[in-house]
Amino acid sequence: MVIAVNSTRSRAHGHQAFQPLDIDAAHCKGCGLCVDVCPHHLLELDTSVVNELGYHPTRLNDAAACTSCVLCARVCPDAVFTVYARPKGS
Amino acid sequence: MVLLTTAPVDATAQHDEAMRPVLMKGNVAMAEAAIQAGCDAYFGYPITPQAELLEWMARRMPELGRVFVQAESELGAINMALGAAATGARVLVSSSSPGISLMAEGMSYMAGSEVPIVLINVMRGGPGLGSIGASQADYFQATKGHGHGDYRVPVLAPSSIAEAVALMADAFEIAERYRTPVMILADGVMGQAMEPVVPVYRTPDRRQAGWELTGAVERDPRVVRSLHLHPEELEAHNHHLQDKFAAIREHEVRWAGEDLDDADVVIVAYGTSARVARTAVERAREQGLKVGIFRPISLWPFPSAELAAVALGARAVVVVEMSAGQMVEDVRLALGGRTPIFFQGRLGGMVPTPGEVVDEVTRAAALTAPHLAGHPVAHGERR
Amino acid sequence: MARGGEPVSTMTPDTRRVIYERPAALVDKSTHYCPGCGHGIIHRLIAELLDEMHLASRTIGVGSVGCSVFAYDYLAVDFVESPHGRAPAVATGVRRVRPDAFVFTYQGDGDLAAIGTAEIVHAAARGERISVIFVNNGIYGMTGGQMAPTTLLGQRTTSSPAGRDAGLAGYPIPITEMLALLPGVAYAARGSIADPPLIGRAKSMLRRAFEVQLAGAGLSIVEILSTCPVGWGMTPTEAMDHVAHDVVQTYPLGVMVDRLKGPAKGTPEV
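Chains as they are written, first to last, in this note's numbering: chain V, -16 to 73; chain F, 655 to 1037; chain H, 34 to 303.
In case anyone wonders, no lab produced these hints; they're calculated from the structure. There's no promise every hint is true.
Stated by the list, open to error - Computed beta-carbon distance windows for the label pairs:
| id | chain 1 | residue 1 | chain 2 | residue 2 | range |
| --- | --- | --- | --- | --- | --- |
| 1 | F | 884 | H | 268 | 29 to 35 Å |
| 2 | F | 802 | H | 57 | 53 to 59 Å |
| 3 | H | 45 | V | 71 | 46 to 52 Å |
Claimed, not checked - Chain H side only, calculated, beta carbon under 7 Å to chain F, not exhaustive:
| id | residue |
| --- | --- |
| 4 | 62 |
| 5 | 91 |
| 6 | 132 |
| 7 | 151 |
| 8 | 201 |
| 9 | 217 |
Here the structure is a predicted model, which is why all the values come from computation and not from measurement. Where is the CB? At the ideal position from N, CA and C, for every residue including glycine.
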């Protein structure tokens, strides 16, 4: 089990692909509402991680398929999502 | 410690126009005194014997562009007061005994949240619906905190309408200085009677102490609350409240004395009972008894040390109350058994007569006469 | 930039265009609410509106007693705690002495529809210019899941273990419909948070309620059907479904009255 402080840190590898979501995994309570609501089924609770609150935080599985529809952010009771507009051509 | 005298206003003396006494009903005088002290908002509910206070406010406050609300109940009124006072407004609420019981919850919340208001209780007979006559049976309720939790509330007990007017500004000042609700304990006689009042009032200064809810413009948000869920946090908060009460005990004791210098028997009474006692003292002195009055004006903090000092010179204390005996317990605590205590009370909204008080004083004097020194003395309390 | 996060790369500046981020009026702090609790969503909607309508710095929030008693820790505005049920009276006091403030109460079903019925009815009757946010999850969460005035018939709670029986415990109270009868109520609506479109509609209702207050039209109340997954013994997803399909049968959604737009059908003109 990995205790994640913040899942965005795990992406700081100089990756250049567009990330449509920042997820504050430290404050996620693993309620799963975003998993249900995503129309492309791109979100999943990461059972390999337990955050400091004791939950499996949500994780975006395929950033390229995300359309930034904001439904996950609209349903999140803990406001863990920041959603970015996909730039043209990415 | 503040020593006041309560000589009645001399209506026949020469006064210029502004100083000419006006005949005022107690409820109205208290309302006007609060208005003159800068009261921003009044919340109340009709209940006898203080309805005239609410009615005066209903007329005057809108005239002055200030806030008046007749609430749906005393529960509504005290909570409106909590909200208004939390924003820093100067707030008055009034009621009578059964309504005060409904306000006990609000008083506890205001004590815990440190929100200042002035609350006037024009006491009537109880318990329950009781009667509409004057009473002093809410002493315990007032001085032991009304509601749940470890707190006290300063309680001021005027014994004349003029004194009620004078104490109003003090009440607001104490409330704001210490961030606490303050109670003025009056009774139905005082509320309904009419007495001369010199219409000279005092308006305490305003202060912005930095806790008021005014909208978080260019500052961090503020919260007014009494909830401190962590036990250590609540303990610390309660210690803070206790420190405040200690400061109030040190600085806000008020009492008055008359004819105490040579008194063998000291009457202890407050409010309307003290008025009766004054007449009793005059009559007793005519009969050759050396009697004086110790009149607490602050019921909390109770002038215990001051009473103990005065009682040292006396051979008996007679406590007079319009109740089965509530202040008498604080008198007992103060005297520590050093002086015999006698009690004269009337229950259920009846007012003791001067004759009854003189009888008890006479009995106390007889039972504690010097030739009986060394013999066991019966403590003459009724209970 | 994401809250609590670093840029994706420390080498290049973050040029991504934000289309949704955590509202500023929501304090950056984990809430004590259970996973999937509706309070989190509703707090967030309020915070979004306070930001969008530039109200935060003149807001005085009035809290209540229930799971949401700590709302003052999560919304970055001046706040006063109320005794249980008394929030509309406390808000009345605030509003009367602070005519320029923006005042809302945030109350649960026990607070508003049980112990606080007198206070809300009379604040509504007086037409106090406050916005009442009424979170209805049909249960008493904070005290361990007891029956509420809005608990559904047949619903099991810790104080109706055999299911709510009308003969013993009466019927769920449609308090918002009752309040909508009063001329002092300028706006009364019921929304839900059962899915994102409904969350969006609930936010519109809250926005309208806030506008009604700012217009000085009277009391505005928005009841929001919410979830208590732990109290209901459901997963957050099941709880949302329960609201979407079952609770709305007893508590239909919609705007009951919007007096700024015109009188409610069937109510007398005053």
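Okay, the hints, checked on the actual structure:
Between residue 884 of chain F and residue 268 of chain H, the C-beta spacing of about 31 Å keeps the proposed range 29 to 35 Å intact. One distance hint, 53 to 59 Å for the beta-carbon pair residue 802 of chain F and residue 57 of chain H, is violated here, with the actual separation near 38 Å. Distance hint for residue 45 of chain H and residue 71 of chain V: a CB-CB separation of about 18 Å, inconsistent with the stated range 46 to 52 Å. For residue 62 of chain H, the suggested interface contact is broken, since its CB lies about 13 Å from the closest CB of chain F, more than 7 Å.
A distance limit of 7 Å between C-beta atoms decides the matter here; for residue 91 of chain H the minimum to chain F is near 4 Å, and the interface restraint holds. At its closest, the beta carbon of residue 132 of chain H sits 10 Å from a beta carbon of chain F; the interface hint therefore is violated under the 7 Å criterion. Nearest Cβ of chain F to the Cβ of residue 151 of chain H: about 6 Å, under the 7 Å cut. The hint holds. The restraint placing residue 201 of chain H at the interface with chain F is violated, with a minimum CB-CB distance near 28 Å, outside the 7 Å limit.
Residue-level restraint check for residue 217 of chain H is violated (minimum Cβ-Cβ distance to chain F is 13 Å; threshold 7 Å).
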